[in-house]
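Undergrad: Quick mapping for you: the protein sequence lines, in order, are chains V and F.
One point on numbering: in this note's numbering, the residue at position 275 of the first sequence is 275, and numbering is uninterrupted.
One point on numbering: in this note's numbering, the residue at position 6 of the second sequence is 6, and numbering is uninterrupted.
Check the hints yourself; a few may be wrong.
What the hints assert, rightly or not - Dumping the calculated EDC-like pairs for lysine to aspartate or glutamate here, alpha-carbon to alpha-carbon at most 16 Å:
(1) V:K30 with F:D8
(2) F:K10 with V:E29
(3) V:K351 with F:E91
(4) V:K323 with F:D144
(5) V:K351 with F:D8
(6) F:K138 with F:E91
(7) V:K285 with F:D8
(8) V:K286 with F:D8
Claimed, not checked - Not close to chain V: a few residues of chain F, all C-beta gaps over 10 Å, as computed:
(9) E45
(10) Q53
(11) E91
(12) T140
(13) S154
(14) N170
(15) I182
(16) I205
(17) E209
As the list claims (entries may be wrong) - Computed spacing ranges between beta-carbons, pair by pair:
(18) V:L381 with F:A84: 51 to 59 Å
(19) V:S3 with F:L50: 30 to 38 Å
(20) F:K10 with V:K97: 51 to 59 Å
The set of hints was computed from the structure by calculation and includes no laboratory data.
Positions of the beta carbon are idealized from the N, C-alpha and C atoms, including for glycine.
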Amino acid sequence: MSSVIETIFYFFSFLAIYIQVFFLVTYIEKRKSIIKNPKNLKLKYYPTVTITVPCYNEEKTIAKTVDSLLGLDYPKSKLRLFLIDDGSKDNTWNIIKKFHNGKNIFAFTKPNGGKHTALNLALEKTDSEFFGCLDSDSLVHPQALKRIISYFERDKETMAVCPSIIVYEPKNLLQKAQTVEYHMSIYNKKMLGFLGGIHVTPGPFSIFRKKVFDNLGPYHKAHNTEDQEIALRMQENGYKIDHCPDAYVYTITPNTVHKLYKQRLRWIYGFIKNLMDYKRLLFKKKYGTVGLLTLPSGIIGVVGVIFLFVNVIYNLSNFIYHKIIQIQTVGFDNLFSFGSFNFDWFFFDTKAVIFSSIFMYGLILTSLLIGRKLAENKARLSVSIFYYLIVYSVIAPFWMLKAALNSVVSKESSWTQERKVKQS
Amino acid sequence: MNNNKQNDWKRYVVVFFITAAIFITGLWFSGFLDQKRISQLKSIENTISLDLQSSEIQFSLLEELSCEDISSSTVLSSELNSLAEKLSYSEDNIGIDNEEVISLKKYYSLLQIKDYLLMKKITERCGKESTFILYFYKNTECNDCTKQGYVLTSLREKYPNLRVYSFDYNLDLSAIKAMIAIYKIPDNLPALVINGEVYNGFKTIEEIEEMVPELKDMLEAEAKADAEAKVERKDGNK
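With the rest of the complex left out, here is chain F (with noise of 0.2 Å):
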C-alpha cells in the first residue's frame, strides 16, 4: 500500500515533466515562427528602403529625364502595401508592444514619408494630377479611427490611384512628429490631411468625396485611359 501511494507520487510528478516540455516545446517552436515572420519583415524592409534610395538617387541624377520614364520607375505602392498587411498581422498576432513590431512600425512610417515626399516631387515637376491623403489615427480609445480605417479602404479600392498614407499618431517617431507640428494636427483623432489641409474627425465617403474634386477627374480619366488602351490594343489586334 506505501509503496503504492510512493509510485502515485512519483507519478504525479513525471506526467507534471512531461506536459511542462510539451508546454515549453510549444512555446518555443511559436516563438521560433515568429522570431522568422520578424526576419521575413526585415528582409522586406530593407529590399524596400534600396529600391527606395535607388529610385531617389536614380531621381536626382535624372531630373533631365523625361517625365514618363521617372513615373515608371518608382513603383513603391505595391510592395508598400504587402508590408503593410504584414505589419498589421505581427501586430494583431505578436503585439503592438512588441518592440521589433514597433521598430518596423517606425520604420514602415519613414517609409511611407520618403514615398510622400518623392511621389509630391514628381507631381509638381511633371504637372501630374496627384491627391494624397495623410491619415492620423490611434490604436486605443478611438472608436471612430477604425470606422475612418474602413472607408479610406473603401475608398482605396474605389480609386486605385488615390495614395493613402497612414500614421499612427502616438508613435514615438520624430519625423511624425514633425510632420504632426508642420499640419498643426490637434489629439481629436482621426485626423486627414488632403493636398495640405487639415480635416478632423470622422468624414465619410460622400464627404471626403465633395472635399477632393480631383478624386472624380481621377475615375473619369482612369475610364478614359482604359478606353483608349482597349482601343489600342483593337488596333494591334488588327
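So that you can see chain V by itself, here it is in the shape it has in the complex (with noise of 0.2 Å):
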C-alpha cells in the first residue's frame, strides 16, 4: 500500500472511529433516559390524528397495512386515515375504495404524480393536530402511535418523532442481514434524536405536528427521498425532533438483491442530492448536530467506502496482473505456491490498518449490539450479523458508487420505478 494511499485509508478510518465512539459516548451518558413506555399507556389527552396511506401498485399488501392502522390501540374518533392511490395500475384502488366509509376513512384516487404529491393532497384535506404516513408496505404495532403521542406530550418543543423500524418477517439471508442494519440505525437514530441530529423522518409512520407543514410549507419531491427532505428543512429551522425506539413498524423488506439495490440507489441518491441542497447547514455551529456530524458523517460514508472499494479492485487487479504475468513467462509451475505458508508469527500482518480495521468491526458489533437490546430488549449475536457484514461490504459499494455517479449527471431513480420493479 503506497504511503498516500495509506494516509487516506488513516483518515477516514479515524473519522469512522470517531463517529462510532461519539455515538458511544453518547450512550453510555444517556441510556438512562431511554424512555421505556408501561404496557397500558394512558395519555392525558388524546390529540387528533390524521395518517396517510400512499400507495402505487400495491394489491398485495395494502389490506395488510389499512388493517394494522384500525387495530391502532388509540380513540376511533381521533384517528382519521386516507388512502390515497397514486394512479396505481393494478387492482390497488378497488381494495382500497372498500374501505373508504366517509367519517373516519378516506379512500381518493389520483393521477400519478409521485408520493410527496398523495401526501400533499392529504394535507390540503385534513385539519388534525398531528400529521403522518405510512408506505403501504409497511404495518404498525397497536401501541406504536400512542407512545409516539406521549413523546410530544412530555415535550412541548419536539415537532416530530420517528419510530422503530424493524424487519417484517425476514425469510431469506438477505431480509435477515436487512434485519441487523435496522437494528443498528434504531440505537444510531435513538442517539441522534438525544443529539438533535436526525436527518430523515422515515416513510413508515413519522409523525408531525401539523404546524409543522403549516409553517414550512408542504411535502417537496426532493429527488424522490421527501421523508430525508422534510427532515432537514426542520433542522434547518431549529425545529425539534425525536425518536421513539419502542414505537415499531413492521416493514416488507426487498428479497432480492435488485431490489435492494434500487433501493438504497434511491436512497444515497435521495441524500446526496438533498446534501446538495441542503450544503449550507454543513459545518455551521448554528445548525447543531446534523451540520456537524450527521451530514458529515454520511459524505464519509458514501466517500469511505467508494475509496475501499476502489482500493479492493486495484490490489485484485494487481494480485491478477501479476499472476497472469507469471502464468505468461514460466506457465501454470508454482502458480499456488504463495511461498512456504507457516505459522511464523513474523508473517502475520501487524500494520496499524489492521488494528484500525479490527477496532471499527468492534465498534459496528458493539452498536448491532446496542441497536438489538433497543429493539428486542435483549443484547445476542446471531448468524444474521455474519450476513449483514458480508451482504452489505460486497454490494453497498456498488450502490454507493452508482448514487455518486448519478448524482452527477442528474439521473433520478424513482419511487414509481421501484414500485415497478416490485411487481414484476
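Could you use the hints to bring the two separately framed chains together as a complex?
TA: Here it is as C-alpha cells:
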C-alpha cells in the first residue's frame, strides 16, 4: 500500500471510529434516559391524528397495512385515515375504496404524480393536530401511535417523532442481513435524537405536528426522498425531531439483491442530492449536530466506502495482473505457491491499518448489539450479523458508487420505478 | 439550551481524544511489532554470520580434510532462504526505504557474496560440478525483473542444487559495485552472470537451460543418486 493511500485510509478510519465513539459516548451518558413505555400507557389527552397511506401498485400488501392501522390502540374518533391511490395500474384502488366510510376513513384516487403529491393532497384535506404517513408496505404495532404521541405530550418543543423500523418476517439471507442493519439504525437514530441530529423522518410512520407543514410548507419532490428533505428543512428551522425506540413499525424489505440495490440507490442518491440542496447546513455551529456530525458522517460513509472499494479492486487487479505475467513466463508451475506458508508470527500482518479495522469492526458489533437491545430488549449475537457484514461489504459499494455517479449526471431513480420492479 | 451546546462541544473534544488515543495505541503497537520483527531479522543475521565465519575458518584450517567433510559442513543456503523470505516480506510491509531494512539487505547481500565465494572455492578444490547464477535486478521500473524473478524461482524448484544469488543493482554497497565492475554489468536489467559470463535482458527457462547444459546433467546426476540411495535403502532393509 503506497503511503498516500495509507494516509487516506487512516484519515477515513479515524473519522469512522470518531463517529462510532461519539455514539457510544452518547449512549453511555444517556442510556438511563431512554424511555420505556408501560404496556398500558394512558395519555392525558388524545389529539386528532391523520395518517396517510400513499399507494402505488400495492394490491398485495395494502389491505394488511390498513388493517394494522385499524388495530391501533387509539380512540377511533381521534384517528383519521387517508388512503391515496397515486394512479396505480393494478387493483389497488378497488381494494382501498372498500375501506372508505366517509367518517374516519377516506379513499382517494388521483393521476400518478409521485409520493409527495399524494401526501400533499392529504395535507390539504386535513385539519387535525398531528399528521403522519405510513408506507403501504409497512404495518404498525398497536401501541406505536400512543407511544409516539406521549413524546409530544412530554415535550412541547418536539415537532416530529420517528418510530423504530423493524424488518417484517425476514425470510431469506438478504432480509436477515437487513434486520441487523435496521437494528443498528434504531440505535443510531436514538442517539441522533438525543443530540438533535436526525436527518430523515422515515416514510413508515414518522408523526409530525401539523403546524410543521403549516409553517414550513408541504412536502417537496426532493429527488424522491421527501422524508429526508422535510427533516432537513425542519433542522434548518430549528424544529426538534425525536425518536421513540419502542414505537415499532414492521416494514417489508427487498428480498432480492436487485430490489435492495434499487431501493438503496434511491436513498443514497436522495441523500447526496438533498445534501447538495442543503449544503448551507454543513459545518455550521448554528445548525448543531446535523451540520457537524450527521451530514458529514454520511459523506464520510459514501466516500469512504467508495475509496475502500476502489482500493480493493485495484489490489485485486494488481494481483491478477502479476499472476498473468507469471503464467506467461513460467506457465502454470508454482501458480498456487504463495511462498511456504508457516505459522511464524513474523508473517502476520500487524500494520496499524489492521488494528484500526479490528477496532472499527468491534465498534460496529457493539452498536449492532445495542441496537438489538433497544429493539428486542436483549443483546445477543446471531448468525445474521455475519450475513450483514458479508452482504453489505460486497453490495453496498455498488449502490454508493452508482448513486454518486448518478448524482453527478443527475439521473433520478424514482419511487415509481422501484414499485414497477416490485411488481415484476 | 446554552448549557446543552457547551456539553456538545465538550463531547466533540472528549471523543476526539478517545479516538486519538485508540489510534495512537494502534500505531504504537504496530510499530512495536515491526521493531520486534527487525530485531528477529538481526538475530537471524547474526546466527548466519557466525555460521559463515566458522565454516570459513574451518575451511582454511582444514585444507587437508577430505572434500566430503567440507561440503557437508557448509549448509548455509537454507538459512539464507529463510532470511530472504523475511527480508522480502519486510520490504513489502515495513518499507523499501526503511533504514533498518536497507541495512539488512546490505548484510544479506554480503552473506550471499560470501556464500558464493565459499561455494566456488569448494567447487574448485573438490572438482565438483556446480552452477551459480548471479542475478542483478532493480526494484523500480523494471517489468522484466519481475518476470525474471519468476523464471529463477521456477528454475530453483526444478534444480534444487542450482544456486541463485540475487543482488539489487541500485543498493549502495561497495561489494556489489565491485561485482558490477568486475563483470561489467550494464544498467539495462535484468542481467545474469552464469559461470562468469554476462547475459543481458530477460531470459526464459528454456534459454537458460540452453545456456547452461550442466543443468541437465545435474538433473540426471540427481536422478542417479536418488536411484542409488533407493537401492542402498533396499539393501539395508534386507
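Undergrad: Against this structure, judge whether each hint is valid.
TA: Checked hints:
no. : hint                          : result
1   : V:K30 with F:D8               : holds, 13 Å
2   : F:K10 with V:E29              : holds, 13 Å
3   : V:K351 with F:E91             : holds, 13 Å
4   : V:K323 with F:D144            : holds, 14 Å
5   : V:K351 with F:D8              : violated, 34 Å
6   : F:K138 with F:E91             : holds, 13 Å
7   : V:K285 with F:D8              : holds, 11 Å
8   : V:K286 with F:D8              : holds, 12 Å
9   : E45                           : holds, 14 Å
10  : Q53                           : holds, 25 Å
11  : E91                           : holds, 13 Å
12  : T140                          : holds, 13 Å
13  : S154                          : violated, 4 Å
14  : N170                          : holds, 19 Å
15  : I182                          : holds, 29 Å
16  : I205                          : violated, 6 Å
17  : E209                          : holds, 12 Å
18  : V:L381 with F:A84: 51 to 59 Å : violated, 43 Å
19  : V:S3 with F:L50: 30 to 38 Å   : holds, 36 Å
20  : F:K10 with V:K97: 51 to 59 Å  : holds, 57 Å
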